[in-house]
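Engineer: As a plain string of letters, each chain reads:
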Amino acid sequence: MNAIEIHDLHKSFDGFSLKDVSFSVPQGTVMGFVGENGAGKSTTIKCMLNLLKKEYGEILLFGKEIVEHELSIKNDIGVVFDDLHVPETLNATQLDKFMKKVFKTWDSGYYFERLVQFKIPERKRVKELSRGMRMKLSIALALAHHPKLLILDEPTSGLDPIIRDEILDLFLAFMQDETHSILFSSHITSDLEKIADYITFIHNGEILFSEGKDVLLYEYGIFKGSKEEVSAIPEHAILRTRNGAFGVEALVLKNEVNGVFSLEKPSIEDIMLFYVKGSV
Amino acid sequence: MNMVGLILKDFMTIQRQLKAQAMVMIFFLLMSIITQEGAFLLTIVVFIVTFQAITALTYDEQSSWDKYANTLPISKGDIVLSKYILSIFLMIVGLICALPIVLIIHRFTPNNWASSEFFLTFNLIVTLAFCMLALLLPIYIKFGSIKGRMVLIAICFIPGFLFGLINKQLPDMLVILTNIKQFMFLAPFAGLLILWLSSLISTAIYKHKEF
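Line order of the protein sequences matches chains A and B. For the first sequence, position 104 (counting from the first letter as 1) is numbered 139 according to the working numbering, and the numbering increases by one without interruption. For the second sequence, position 192 (counting from the first letter as 1) is numbered 1226 according to the working numbering, and the numbering increases by one without interruption.
Among the hints, erroneous ones may be present.
Said to hold, decoys possible - Keeping only pairs whose Cα atoms sit at most 20 Å apart, straight-line, the calculated EDC-like set for lysine to aspartate or glutamate is:
hint : chain 1 : residue 1 : chain 2 : residue 2
1    : A       : Lys162    : B       : Asp1112
2    : A       : Lys259    : A       : Glu299
3    : B       : Lys1243   : A       : Asp111
4    : B       : Lys1243   : A       : Asp305
5    : A       : Lys229    : A       : Asp305
6    : A       : Lys136    : B       : Asp1112
7    : A       : Lys99     : A       : Asp118
8    : A       : Lys289    : A       : Glu241
If you are wondering where the hints come from, they were derived from the structure by calculation, not from laboratory data. Fair warning: this is a prediction, and the values are worked out from it, not measured in the lab.
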């Protein structure tokens, strides 16, 4: 079963549109959702949450259409944005009181454990918390009703590596349950390399690929050489090329290229750059 | 439960603001005792307390609360209605606190208004507060606090303009007002009805919003 299924999602604004976005997140997996700023990650996520109204297309969460089953679906998801969007005069204890009324499954014990773990002061107002603290509080709020699916929109952007690592560990702990799933949007590709099982890449409102991370990292290779050397590689093996500092670089399908070509292992960032800046 | 949660959250949000307003109200209490004007205190209390719902809306807007609230299992109708219920609740609390003081001032003031006049003033203030809320909430929900203020100013010009137009018929108006005086006890109910209609409009506006 898929935790998320999106088919032909379309949404347009002045000067930007999502064009027939389709991808799915199998249950029990982490999907990294990557793309540069303004590529359409947040718009897709907002459509998934019915914060933006789709023009057409189908969005299924746990097999149910979001618009029709909005409230029951939202009982089972936890959402983290790039900031904590609650009135700044509230504190963590007051947010617990509110959440208790919202979720039947709200687990105050678990919530306060996370506050202690993250060293978040219970009675300090949100506006007095550092950005890292606010994000950690946001994550504690998203987890304490024991959701089945986490939807994370740039949760680690602007945070230092130590806090990012702590947060990623928490997501990995969440994934210990096989029925749990995560959609993790980020442009920090190193975070996704750590925890994602699949990578969906969006560019200019279009999905360029949605693949298993291992497929991308182990089946793709980068060849760096002269124009003549690149032309010796079979055409069907070359996915993208671009001009590098010392010649031409090509993103290739490893298995389709003769062993005499020395290939480098690509990172997700390399692959993104080939797709955005390279040519076919 | 959601509704209780939303109202509780608004209370906690404006808690400090309410405390600060309490200080202001103590000042007005002293003023009204000195000037022996109970109606003045009643007006101030009802308007300050009731309009704290607008303060709550402004805090929500500053933090993009609606973007977050709409990821939770809370219906859009509940989110809107909670602001109306909060206003009415605050008004009742405000009245409970202010009325005994107003009545004491009333009792010990030799030249104060008659009981029937008091009842009339009370009804008028409550109705006016309901009507103001019925106007303000949909505007703030639709336009936000900054644009909303401008729209409000524009809207306030229209009654001013109309008043200018009907100014000549003013003596007749006073006759009409005197005639409807006996139905004044119905005014707060009419105010509540307007508030209910306003909540339907606000909900419709909110359901069309994107976050």
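Engineer: Among the hints numbered above, which are violated by the structure, and what are their numbers in rising order?
Structural biologist: Structure breaks hints 1, 3, 4, 7, 8.
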